[in-house]
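For the protein sequence lines, the chains are A and B, in the order given. Residue 371 is where the first sequence starts when you use the working numbering, and the numbers rise one by one after that. Residue 371 is where the second sequence starts when you use the working numbering, and the numbers rise one by one after that.
For the record, the hints were derived by calculation from the structure and aren't laboratory data. A hint or two may mislead.
Pairs involving identical chains hold if they fit within one copy or between any two copies, as the list cannot separate such chains.
[What the hints assert, rightly or not] In silico EDC-like cross-links for lysine to aspartate or glutamate, where the CA-CA straight-line distance does not exceed 20 Å: (1) Lys824 / Asp548; (2) Lys818 / Asp548; (3) Lys631 / Asp397; (4) Lys824 / Glu498; (5) Lys824 / Asp653.
There are 2 protein chains.
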Amino acid sequence: MLNPASDAFIAHLRTLLPPQAFRDATDAVLSEPRGRWRGQGHPIAPATTTEVATLVAACAAARVGIVPFGGGTGLVGGQIMPADESNGPLPVILQLDRLRTIRSLHPTENVLIAEAGVTLRAVQDAAEQANRLFPLSLASEGTATIGGVLATNAGGVHVLRHGNARAQCLGIEAVTADGQVWHGLTRLRKDNAGYDLRDLIIGSEGTLAIITAAALALAPRPAQTGSALLAVPSPQAALDLLALARDIAGDAVTAFELIHKQGLAFLSETGLAVPPPLDPLPDWMVLIDLALPPGPTPETLLEQIAEQALARDLATDGTIAQSQSQRAAFWHIRETIPEANRRIGAVSSHDISLPLSEIPAFIATAPAALARIDTFRINCFGHLGDGNLHYNVFPAPGRTRADHDHQRSAVKTAIHDLVHAAGGSVAAEHGLGRLKVTDLETYADPVKLALMRKVKQALDPQGILNPGAVLRAP
Amino acid sequence: MLNPASDAFIAHLRTLLPPQAFRDATDAVLSEPRGRWRGQGHPIAPATTTEVATLVAACAAARVGIVPFGGGTGLVGGQIMPADESNGPLPVILQLDRLRTIRSLHPTENVLIAEAGVTLRAVQDAAEQANRLFPLSLASEGTATIGGVLATNAGGVHVLRHGNARAQCLGIEAVTADGQVWHGLTRLRKDNAGYDLRDLIIGSEGTLAIITAAALALAPRPAQTGSALLAVPSPQAALDLLALARDIAGDAVTAFELIHKQGLAFLSETGLAVPPPLDPLPDWMVLIDLALPPGPTPETLLEQIAEQALARDLATDGTIAQSQSQRAAFWHIRETIPEANRRIGAVSSHDISLPLSEIPAFIATAPAALARIDTFRINCFGHLGDGNLHYNVFPAPGRTRADHDHQRSAVKTAIHDLVHAAGGSVAAEHGLGRLKVTDLETYADPVKLALMRKVKQALDPQGILNPGAVLRAP
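So that you can see chain A by itself, here it is in the shape it has in the complex:
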């Protein structure tokens, strides 16, 4: 069993770390974006990897739990430990924002080395200044940190072409559960010298080691980019349109986002109104991004895609961005939907992925499963090209999420059962955190779950790293 981070323990830490490392427990570190949970813990913010190692070693010696905290934008409670028995006693909150140095940039190698507390946007900006691209891109990028996006293996809108966070990381520096530093900041594209502990630690949500820095892979900046917003008659047509777009433009297709008109309705309803991008507004739209080397313009290819899609009834209307500002307007719609969702207040949000060909059937059948519970509004949108949908369930107009509190669990089960039966995942890009610990126990392959427990036991035998996240604290 773990011990609480007592006043005596904090006093002991004060003998090991400089005074600047000690912070008050403010709202910012005890709350989370969806307002589900209230955290607990003593925030401590080391400024260097050595200080992180010192802190972890002291916690290991005293058997005190550690909750790592990056930008605080996680959606599944991985960064927040509520005061309840499933998580264990009062922890230290390890804030990593003071590790905010971009240690080096190697433009000829397409590599950038950043500390855990650097924001995603700061990395994107540094890459851009070197005429490179760091392709990871998501709505919270101004706040989310490199440590956080790696700990959760974040996805975003360019996974289709560039993969998730794991795929964009060459090496990590990490502090182990006994307070040692693994110096794994390789700039190598190929290294088969031993087990892939990098990929094991990435996505482990702070439960196997603390990532303190990362060597990130940059990409060439595309010479040309373009966008189109196309109305599609159905999710199946959207999938066929994806295939058509790739037949025409190959892997120049860097994003393929599905949007439902419910999302645009929510924008108006929450004061985030945008000019209607298509008139009449269709039920379903897709937002397509192309990135190309010099040559034919994206507009040419997008016209070709749109023309063939219209001819084959895969699209019914559409607009091709004629300027970067029009393109930004398209993406503004997509990126503002999550904020509108927050303002409406979901009964239950589902970050699911499905085999691509299972998506139309899922979208067709899920509403009936929900209707058996109550009347809801559904906002279904997301990264169709990755098979990753955000399938979010909202109260009918005039009702609030509180009216449905007693049904949340039934809603979640209805959706997750359908997803699991279709070979999907109930934790596609946001991770498990504490929100989906039970889901993992319910849906994971039992052999995999047993292997995960063995790995956790091997690398963190005392269970001090992010207790209660991913795997239930023993």
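With chain A held as given, fit chain B onto it using these hints.
What follows is chain B alone, placed relative to chain A:
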């Protein structure tokens, strides 16, 4: 300690598995491509995942070692257990070639599910028939199997654009050390439900679990492909040319191979002569591949690259393939060099990777380090775009590798020390096998090595899986 696979144990296995699973120990399964080692063991070839699980469970109960065997093309002895104390007693050789079904193909999802014993070429062919691309490509692809390329996280010529084997795999089915089956054949592009055991097992060279099938990611077939062979004045110029090519063609650059004229000399010397591709033959050449969506032809872009490279003295001569047969001829040169190397007989081969910017200095300084040992011929070639060189050291004309047997260890140490000092890896794409167990102990970060041992202990506590490979048998 392990027990030998005694006659009594084999007799016991015959009660569990059908007679077709039992094979004689032929040369094919007891030898390896470089002729360094002679293996030992009882070959057993299950036909299904269930039979593999039965076999592993029986070995676990009897504490008998298992050496997994795919196509047998590995270059570091991972598939071969010589009879010596460092490996342990007589093992079972688990041949996976009877698991040779392509279980399904999902063209709209760009997914193919193949069993471990399917050859890489069979997967490429099946993908091509569906108008898709399986980009993993390497010289031994006609023999190498999916199980083997995943167990070793194989690289090849398209890593620059598509990543190594790990990056091209969505999910695996694997048998654990206690004979259970992990059903992880997901067709999902995004799945953050738990630790990345897939990437942990991929590249573990059969020491953590036995891969029996894999869900592989296919790519769109590029509309256009083209090649150029350019003479470059130096390795530094080759690197600058890589940057130029990517500035012009973005990530349409799918391969960027460095070739030294020693490689072409070896082709003539070993009866594999090709028409000289450039006249005069330069010291250094690069072979560039482009893959493009419809639009400007690769030839147009390659001409642009060549023109600017000539103007900036990054290239001194060159040819752009004007037909697919000329392109095939360029690649034939590149792909035949390993065979010529085998015929010459290397004193020592080094599969190394370096941070890109460290490569020119390494190529400049390594010959002096070798000259302090003896007179050698060096054939330096490889995947420059990945920072991955095959730096192979050969006897001077008139001498044989046997003349240098006593110096092999000194040669290896000289090269590996230089690579390690420059932040490189001594096992870039071929893995560790048994050849580089000591290298791992010498060069790996000690914290990483300790973590690897903990993972091995957790997942294979008896040490029955590929004893002596990757980590020294205890």
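Discussion item. Cα distance capped at 20 Å. Does lysine 824 pair with aspartate 653 within a copy, between copies, both, or neither?
Written reply: Neither. Shortest intra-copy (47 Å) and inter-copy (53 Å) distances fail the 20 Å Cα cut-off.
Item to complete: Could you place lysine 631 and aspartate 397 in one of the four classes (within, between, both, neither) given a Cα distance threshold of 20 Å?
Response: The answer is neither: 35 Å in one copy and 66 Å across copies each exceed 20 Å.
Worksheet item: Quick one: lysine 824 to aspartate 548, C-alpha cut-off 20 Å, is that within a copy, between copies, both, or neither?
Response: both (17 Å within a copy, 13 Å between copies)
Discussion item. Within a copy, between copies, both or neither: which one fits lysine 824 and glutamate 498 at a CA-CA cutoff of 20 Å?
Written reply: Classified as neither; 42 Å inside a copy, 40 Å across copies.
Discussion item. Please sort lysine 818 with aspartate 548 into within, between, both or neither, judging by C-alpha distance up to 20 Å.
Written reply: Close across copies (13 Å), not inside one copy (25 Å); limit 20 Å.
Hint compliance for this structure: hints 3, 4 and 5 are broken, all remaining hints hold.
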